[in-house]
Amino acid sequence: MKTPLALAITAAALALSTAATAQEPQRGGTIDTIIQPEPPGLVLGMIQNAPTRTVAGNIYEGLLRYTTDLEPMPQLAESWEVSDDGRTYTFHLREDVTWHDGEPFTADDVVFSADVFHRELNPSARAVLQHVESIEATDDHTVVFTLTEPFGPFLISFEAGTFTMVPEHLYAGTDFRNNEHNDHPIGTGPFKFANWERGTVIELVKNDDYYEEGLPYLDGVNWHVIPDGGSRAVAFENGTIDVLPSGTVENFDIPRLSAMDNVCMTEEGHEYFSPFAMLWMNNREGPTADKRFRQAVMYAMDREFAKDVLWNGLGNVPLSAFGSNARFQHDDLEPYDHNPERARELLDEMGYDGEEITILPLPYGETWTRWAEAVQQNLREVGINVSTQATDVGGWNQRLGDWDYDLAFTYLYQYGDPALGISRTYLSDNIAKGSPWNNVEGYENERVDELFNAAATAFPDEEREALYLEVQEILHEDVPVGWLMELGFPTLYRCDVKNLVTSGVGVNDGFKDAWLDR
Amino acid sequence: MVYARLVLMRLFKAVIVLFLIVIFNFLLIQMAPGDPAAILAGEAGAADQEFLDQLRERFGLDQPMYVQLWRYVSGIAMLDFGYSYRLGVPVFDLIMDRLPATLLLTGTAFVLSLVLGIVAGSMAAARVKKPSGSLIMALALVFYATPLFWVALMSVVVFSVYLGWLPAYGLYTVGAGHTGFALVLDVAKHLVLPATTLALFFMAIYTRMTRTSMLDAAQQDYVKTARAKGLKPGTIQRRHVLRNALLPIITLAGLQAGQMVGGAILTETVFAWPGIGRLMFEALQQRDYNLLLGIFFFSAALVIVFNIITDVVYRLADPRIKGAS
Amino acid sequence: MTDVTTETVLSIRELSIALPKGADRALAVEGVSYEVMRGEIMCVVGESGSGKSMAANAIMGLLPKGVNATQGEVLFEGQDLLALSEKQHRTLRGLKIGMIFQEPMTALNPLMRVGAQIAEVFEAHDQLTPKERQARALELLIEVGIPQPEKAIRAYPFELSGGQRQRVMIAMALALEPTLLIADEPTTALDVTTQAQILALIRDLQQRRGMAVMFITHDFGVVAEIASRVCVMRHGKIVELGDARSVLKNPQDAYTQALIAAIPSNAVPPHRDIGQVAPLLEIKRLQKVFRSRGGWFKPAREVHALNDVSLTLARGETVGIVGESGSGKSTLGRCVVRLEHPDSGELLLDGVNLSQLKGDALRRERHRVQMIFQDPYASLNPRTKVGMAIAQGPIANGTPKAAALKRAGELLDMVGLGASAVERYPHEFSGGQRQRIGIARALALDPELIVADEAVSALDVSIQAQVLELLEELKQRLSLSLLFITHDLRVAAQLCDRIVVMQHGRIIEQGSAEQIFLAPREAYTQDLLDAIPGREAPVAATA
Amino acid sequence: MSFFARFAQNRGALVGLVILLLMIAMAVLAPVLFPESPWRMVQRPFLPPFSQEGFLLGTDTMGRNVAAGLMHGAWVSLLIGLVSTCVALLIGVPLGAIAGYYGGLVDDALMRFTEFFQTIPNFALAIVLVAIMQPSVTSIVLAIAIVSWPPVARLVRAEFMSLRNREYVEAARLVGQSNSTIILRQILPNTLSPIIVLASLMVATAILLESALSFLGLGDPNVMSWGYMIGAARTVIRQAWWLSFFPGLAILLTVLALNLVGEGLDDALNPKLSRER
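Residue numbers (full-length UniProt numbering), protein chains in the order written: chain Z, 1 to 518; chain V, 1 to 325; chain A, 1 to 543; chain P, 1 to 277.
The hints are simulated quantities; they were obtained by calculation from the structure and are not laboratory data.
Heads up, the beta-carbon is just placed ideally off N, CA and C, and yes, glycines get one too.
The reader is advised that the hints may include incorrect statements.
What the simulated footprint calls covered on chain V by chain P, stretch by stretch (three residues with Cβ under 8 Å from a Cβ of chain P suffice, anywhere in the stretch; the number is not a length) [as the list claims (entries may be wrong)]:
(1) 258-269
(2) 273-281
Covered stretches of chain V, as calculated for chain A (at least 3 residues, CB under 8 Å) [to be verified]:
(3) 86-97
(4) 130-138
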């Protein structure tokens, strides 16, 4: 079911693409946009949080980019080859690339970045690198990755945020975290770091020596820091802000802002992350340890209501553990519809005695709080005795890390491949205290482990698909976690900002192609 | 000389108080659930044990609490506030970065509220039991009773969105490249809404206090003496009533001035004012202990500085204190 | 121009002043008429609530809000002051009519230098240049006899003593040489010797300038001292008006007679011999020093409140402690009842040393010495019923509540209030009645010694006399031992067997009342005696 | 004049009292008029006020009845205001009484302790306390109490200092009453009026504080308070003004009423006796 708003987006996106092709890009102009929250630093790889990725993705680059369908596009690597056994990947680098300080970019930078820098600092890159046996620069502009075994999602791991290229000549042999260049990041990207007025603005300026002919069109991008959601909306309304990246205004503001004259909206540009909202359910103890209880929770929740009321009809309600932007989604499972009757039956069947359970909302803003309130009310209406525990980010982290919860909201990125973004939630060897991002629910199923592990290293894709379909069926029955929604995070912008979203990570690397029709 | 000794003595006491505050806050924050490493890991969206251990070791969180406390306190003794966990920047630099904005905001609001409050309060005192006086007091009461953040939201909606007169957020127009007088003007424009919002509540307090204090002072014998001299009412109000009525206001204002820094948290959040109030709230949510402690230290120091200033001003205003010591 | 002339300066005719609704009576002043002549001192006398100050306030246009003159006129230099606008009135104030108030401590702006406050008078009437004003202020300060006038002109009021402040007030009132000076109880808050000086000053200035003075007071002694004519007021009406000498000598009205009679007489009671009874209270070398608490950087200040004080009091004897403020007389009393802790020395009560007792030991001995306090309004807890206030002592010492309350009723009966007072609250009683309750409370524990600290000072003269009478009666009946602390030698003379004169924390002189009055050995004692207003040579009463 | 007559002389105080009683009535009647949970999503979201019967004040972002929330919220807001004030009094009154009565070193120590709490900015401390204890009614009440007791202690201390040398207190000491009896029976009853006046203002301040905490997302998620309603509505303030307007008005009126009542109490309890002597 699509709401009118969702339809409007599609229409706007269509209009955008036709308009974009029809017009000759103009040069010049600065775009004012928002970064929320203020990032802790801008050195990608050293810091992997979302705001750093968003800003620094325009300063740094990876070997590849990805389309909105998550197909790889050339970036620093102009071409690449995969061996037939799926174990050797050869990247041919562009030869005309220089760092912002004028030094040339070479294969040695790639080897340093991957083998030294990321291995030491970057946990998400480490997850990929554990499959890599060796990284060699065969000449100045060729790099060969040899894997220990085939790894399905390898080619999708080179996005700038995950696998950024950092300058060897500035970092090699230094204490990375205290490197003096951290304050003034040096990348290869279309924009250079200019200034950071903490608490106010991060200013990026055009890289005049950028290797892609004619790019970027813009003179610069200003990332404003405005801590209050309402104020951010106002800033967009009164015209000081041109672009609202996804998640920077409250969902409730979106219908109003998108209805303004000369404002366009796109849902594209987050396919790579495709955030998947879930309800952790503690599989270890309490009522939530019972499969029937977890199923009852799924039936009790009115997920379509949440989508329509809280998410403006954007995003979609998944059948099971795999979202639409992950590959290998199973589309023939019985949906967990809003069915309070069925939920009550299941609760009766298991003999739920009214034991009180708690629900931990995600402390990321109003929408999430409202969502928790709605779910709490849904659960109460089928007779589950539930109360909300408020926490801030610190408390939330600690409770999840210590498994001290019954139900808890979260959302996870899918990273374009089940082996990167999904299996981590269900693999039993991923059960470890201290992190809110692993198998927090404590689900253990040998068959699921086998299937996920086999699928990650199976080659080619057809083999992977069969394994993933089976795993989805098991998960659908067991309900280790509650699958809430694949979130729709639209980007709002003035319609005179053209060609803004050109990749699966949206504005994270999108300003290089953007131009202003003013 | 008297002042020098007074200030010296107060500073000495202040050091002790600050020392206690550091310890108190340190222990308080230790009680908070979640540590900065976990939050940083959380922000990164992915983390393994190695990553967490690296962070904890880097921040010294793997040490027992008393070691951490000792390190922190001895650092402070050398005016070393450590590094912000999240931002990786010296805490001192961060605070110094943000402090001017806070001082500008609270300073303006303070002066505004004090001046307007005293004027309104004197007017209300002079018009006691007249409709105009009651109106002033009613307004003051309404300002006092209205939640600060509500005023902030409403003023943005009205003055920035509908009327478009004033900027809604920030310290200056980013990218406008203003310098010199243009920059001053720009900042002043940005200052209007947050400063007024913050000032309204305090203005209400001063208005009420001034009125009460003036009415009290007007009852005093020396005012009768002044009238018996044949002085004009204006002169009596100014020279005899107001001057004496101001004494309790000085004390109150001194207390408020220190508290304003904390009270600015809401205003700074709504108006995206890059001050330390907002920094504090962010630091708290991110368990950025060093930063949080640093801010607490500085805001407490500000309170103390304001108290000392208040004392000195009070002594200047009231000759009796000087004579007594 | 020193003689009393017949030129009328001020003429009040049929003046009535209405009080606001809800006050205890409708009119503060009712149909009052009198005149003030050039060169005379007209004394308006009355007890509190008589309305004596109201007319003065009406003259100055300083009536409180809600209080208005409803009838009559006040003629000054040919114009009716009541008909003047505030602005017209203002031009007269300070210029033609000067005024001094009762409380020198609060009548000056604490934040302005003395010189500036005097100069303000000229400024208010647009006279002289700022520099000249300062010069005149200095001349005035010299004229009113302030010590070190060059320094005083730069001083803040708190740096001056009460008497000096009153001199400043006088300087201010006289700055523009007004035709009429109104003095509203200007000496009531001052010590006797200071009072005498200020009275002399006013009389002196009045004579030199030939002004008309309207002097408001409650004290017939003061009247006797300076008045040319007297106007006695009661409940807002004039009861007697006439030449000072004749009114004092030969009062016509009953109320005036009562007032004059109530003034403790100058007649000294005859020496009463107590006989050689063992002393009840022996005070030996008592010392008490008050220290202001110093900080780390400021030295402590010390005041010797009691310096080597020794004294004995026999059973059944009444000893008066007399002295001016700061003499240490109250500290002595408070040490005896152990509200203060003496630094050293002994306080032997029937041989038991009370001076060093502490805590529970002290609490157990407390019932032996009780106190009657000065302020009838502050000495009773407003939220405690009178009976309970009296009974709580015995209860605290173990008497059952019912018995204690019964006894309280008896005591109230004894002090003349009736046992029914037990159930009432203090605010239902007048000042004099409350002082009786205080006496009953002091008696409730059957103490061996009672200390009365200025027990009648806060009362109007007529009430004062009644309370003194009660004390005298109780003394006889219960053979009380009494330590009677007062600033008023006349009161002391009336009640006490022996009198002790204190100054600066030391005992200057002690002796029988007769001896102190008739043959003081010390100059200071003589000064005190001389300063008593309206004093004629004391006469030994013939027993 | 009776207490109420003096109180009623202040017309503002009467108005305040009426408003306050109205608010209390709202709180008490909430479970009767709206027996269902105020969290229940009963209608379509963003129903404007006065547009549909049964939803006089409209519905909120989630389709919950604003009127129900407002009435249930009255209970919570008043309760938090009242309880936190009581807790603050429980801390402040004894501390102030002991400091003021005994003076000297005890006073010094207690006052340094009080100053210490006043040196840490109030609101910041409240935020930290709630964040540390994690938001709940208990933690909010405690945090508000902890930041608001120092003025109580100071007031009580000042009162005790001025009363401890009153003659009736000295008289009580002279007849042998113990210190605790003197503190409780003689002095405390006479400090009650200013304490009551201060307390009425503190309830108002506590309600404001609670709403500010809720605004920052530090409210108790299980109870519907006015502060919560405004906090939840601020993101939609532009499209649904009524969501923050009504609870905002409720806070304003309550705080206003408490202040007016406070002034009235001040007039009634502390008649200006300065001219009497």
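Structure-based check of each hint:
| no. | hint | verdict |
| --- | --- | --- |
| 1 | 258-269 | holds (count 8) |
| 2 | 273-281 | holds (count 3) |
| 3 | 86-97 | violated (count 0) |
| 4 | 130-138 | violated (count 0) |
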